[in-house]
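Participant: The primary structure of each chain is shown beneath.
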Amino acid sequence: DGGITQSPKYLFRKEGQNVTLSCEQNLNHDAMYWYRQDPGQGLRLIYYSQIVNDFQKGDIAEGYSVSREKKESFPLTVTSAQKNPTAFYLCASSIRRGGTDTQYFGPGTRLTVL
Amino acid sequence: DAKTTQPPSMDCAEGRAANLPCNHSTISGNEYVYWYRQIHSQGPQYIIHGLKNNETNEMASLIITEDRKSSTLILPHATLRDTAVYYCIVSRMGSARQLTFGSGTQLTVLP
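Chains as they are written, first to last, in my numbering: chain A, 29 to 142; chain B, 54 to 164.
Next up, chain A with everything else stripped away, as it sits in the complex (with noise of 0.2 Å):
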């Protein structure tokens, strides 16, 4: 089947220490998104990257890192720099098709910080 995984499902952390967040898609999309969410908000975006080994800063970049060496992964760090770290992580890909892309969306990451 073909889609995309996101591992663990949840995670827990203690404070002041660095976390990443998997993300692997088998579709073949050449872009790929983090978002955050928190409880009764809409989605802002963290990184995007949109081919291999090049990656661009959303809106809430601080305290977050990643990468992306290879089209079909894209890891996310919640560094310990991330002021507020507890939230769902989503991660998504897309393709273009007919002139548009199509934003495709993972399970979820919830990460808790203790």
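Keeping only pairs whose Cα atoms sit at most 25 Å apart, straight-line, the calculated SDA-like set for lysine to any residue is:
#	chain 1	residue 1	chain 2	residue 2
1	B	LYS56	B	GLN151
2	A	LYS99	B	GLN98
3	B	LYS122	B	THR153
4	B	LYS105	A	ILE123
5	B	LYS56	A	TYR132
In case anyone wonders, no lab produced these hints; they're calculated from the structure. Note that the structure is predicted; figures quoted are calculated from it, not measured.
Fit chain B to the supplied structure of chain A, relying on the hints for placement.
Facilitator: Chain B in isolation, oriented as in the chain A frame:
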């Protein structure tokens, strides 16, 4: 990207059609209308998108008014599993861009 306005909540009886409206009066000629839904604690699910013509797929139909200032998502036979928050998004999808999710419409399908 143009802003959208949706009712905060709607109910629908199981088996009936659910019609979810969206206003996007400031939409530009090169902006698409996208619909996603999100079931609690899951990732958003793509439903359908369109530019100016009506569209239909296996999940839903999208009706866009002639002036493109509003649209309606139609779920023809709603089931309990269609209970979710539905988001109408207007975006100029020419390259990798952020999707701006508003507050959406909480659709509750009643048995």
